[in-house]
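Student: These are the residues of each chain, in order.
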Amino acid sequence: MAASTTALQPPVVAGRWRWLRKHPTLILGGLLLIAVAVIALAAPALATHDPQDIDPLARLQPPSADHRFGTDALGRDVYSRAVWGGRVSLVVGITVALLSTAIGVVLGLLAGFVRPIEGLVMRVMDGLMAIPGILLAIALMAVTRASLTTVIVAITVPEVPRVVRLVRSLALTLREQLFVEAARAIGTRLPQILWRHVLPNMMAPLIVQATFIAASAVLIEAALSFLGVGVPAQIPSWGNMMAEGRNFVAVAFHIILYPGILLALTVLAINLLGDGLRDALDPRLARQL
Amino acid sequence: MGSIVQRVVATLPVMAVVALIVFLLIHLSPGDPAALIAGDLASTDDIARLRTSLGLDLPLWQQFLIWAGKLAHGDLGTSIFTQVPVSELLAQRLEPTLSIALVTMTLSIVLAIPLGTLAAYRAGSWVDRLVMLFAVLAFSVPVFLIGYLLIYTFAIVLQWLPVQGYVRLSEGIGPWLRNLLLPCVNLALVYMALLTRMTRATVLEVLQEDYIRTARAKGLGVLAVLGHALRNAAIPIATTVGVGIALLIGGVVVTETVFAIPGIGRLVIDSVQRHDYPVIQSVLLLSAGVYVMINLLIDLSYRLFDPRIRD
Chain E
3 MAASTTALQP PVVAGRWRWL RKHPTLILGG LLLIAVAVIA LAAPALATHD PQDIDPLARL
63 QPPSADHRFG TDALGRDVYS RAVWGGRVSL VVGITVALLS TAIGVVLGLL AGFVRPIEGL
123 VMRVMDGLMA IPGILLAIAL MAVTRASLTT VIVAITVPEV PRVVRLVRSL ALTLREQLFV
183 EAARAIGTRL PQILWRHVLP NMMAPLIVQA TFIAASAVLI EAALSFLGVG VPAQIPSWGN
243 MMAEGRNFVA VAFHIILYPG ILLALTVLAI NLLGDGLRDA LDPRLARQL
Chain S
1324 MGSIVQRVVA TLPVMAVVAL IVFLLIHLSP GDPAALIAGD LASTDDIARL RTSLGLDLPL
1384 WQQFLIWAGK LAHGDLGTSI FTQVPVSELL AQRLEPTLSI ALVTMTLSIV LAIPLGTLAA
1444 YRAGSWVDRL VMLFAVLAFS VPVFLIGYLL IYTFAIVLQW LPVQGYVRLS EGIGPWLRNL
1504 LLPCVNLALV YMALLTRMTR ATVLEVLQED YIRTARAKGL GVLAVLGHAL RNAAIPIATT
1564 VGVGIALLIG GVVVTETVFA IPGIGRLVID SVQRHDYPVI QSVLLLSAGV YVMINLLIDL
1624 SYRLFDPRIR D
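Residue numbers (this note's numbering), protein chains in the order written: chain E, 3 to 291; chain S, 1324 to 1634.
No lab work stands behind these hints, which were simulated from the structure alone. Any given hint could be a false lead.
[Stated by the list, open to error] No farther apart than 25 Å at their CA atoms in a straight line, the calculated lysine to any residue pairs in the SDA-like style are these:
id, chain 1, residue 1, chain 2, residue 2
1, E, 24, S, 1531
2, E, 24, S, 1462
3, E, 24, S, 1456
4, E, 24, S, 1451
5, E, 24, S, 1447
6, E, 24, S, 1449
7, E, 24, S, 1524
8, E, 24, S, 1455
Could you put together the complete structure from these sequences and hints?
Tutor: What follows is the structure, encoded as structure tokens:
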């Protein structure tokens, strides 16, 4: 008995380790992202100051024991604000990824399976894709009142066409597959076919695409806020913090540097996760995405 | 020849959809477009006057036809804030933006294609790993962080280059280039990452082909073999250059703010704060037009140069 377990176990363990070693980016990205998420969730505990507390006497101070990342132009603690700022980025990244994938799947499936709608949907998507994403987001922010919700909508709209194109191209292949034809032949209704047979076969590429959308959404939110057309200025987001440091590059570079590093690490984590997922879930995808 | 005409005609519906989206933008938002344009401080009378003067009291389809009709004649409307025709405003701001875009593109293409080819040729080596690491990093670090790091290092600490601003080309190519160097290197890092990745992927694939083995077998040198490979990898690389234009335009908007360059990107941001919708709409149309045109030209160039597609 003992002999058989020792004989069987090593290969299993080795197999598991080999899997881990085969996907180092997946592990690294995942761990980094978990770290960022923990920081954002534990913001109330981690922050050493109230992120909104103004202290005019302690303006533009370099990093010190009391202010780990220094203070900004209003004397607010950059470290505490940076810790809270992670929440905005993560919320935007996750919501935009889910929202644009959901909308994209519906439109893409319609375009792939309902012939009369296909042309209309795809022409609108071509038009949306011709406008650079960040410009479209800026324009959408111009016609709405700035809030976290409008930022999320403004970033989601330009991301939808990418999902629609992916879903439609997958749908065109799946539609000809034998199992879909068989389901249709026995009289299964279209919604049932889509839900039971088509959607599950799209999950791998969709998850990978959603990950990359999350990374791009985090970057675009920061860019919008940095440009002054993102989340309202009173919300501590990394982009807002960097915008506030714009005029103090020479005297207080830390205001821009620390939120910038956290932002870069977050996006890097999501991108690594995406690369890892792509290689792990479906090697054939590596070429398409 | 027929296929070329077809491809050109295919851009028309795209631009029509873009025009419709851009037109509907201000009507899609909740609330009264006249109030939106007038801003928070306007009285009810101001709003009413604005509504009639801008024709916002007409039915939507009529408004669209009038707007599109003017557009077809090259009339982009008048800026609400400055009362200057939008086309004039755009013309004033075009030079800095175009300079950044062109220098960035040249820099990226010249550097990215050899770099990607080298990475593919030495796939798996440390050179390859380094190039791929650069590509992942350049995709993740926000453009504006890199921008400020460049400013901090080269303009503030080392004082080699000006911190910010733009000098017109008419004042000499030297000063013009000195001011452009940092913003363009900044943007090129992102654009290069995209091109390098694509070049590496396509060249790597082409290198597996039979004709490459034949070229090697008959004793061609490394450069000649890579020449064969690059010619065959040209189409996906050119396509990426075209698709990347959208990324480049988006990058220019951000970079202009970092480097205080009075270009079209800065104009859009100022216009958002001034509720100057005709300007925003025109910039969207212009950039979509540029994107569609460049991609059309790239697409047509394959048809002209690649006999397999021509037939």
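Student: If a hint holds in the structure, say so; if it doesn't, say that too.
Tutor: Status of the hints after comparison with the structure:
no. : hint             : verdict
1   : E/24 with S/1531 : 23 Å, holds
2   : E/24 with S/1462 : 23 Å, holds
3   : E/24 with S/1456 : 17 Å, holds
4   : E/24 with S/1451 : 18 Å, holds
5   : E/24 with S/1447 : 14 Å, holds
6   : E/24 with S/1449 : 18 Å, holds
7   : E/24 with S/1524 : 20 Å, holds
8   : E/24 with S/1455 : 17 Å, holds
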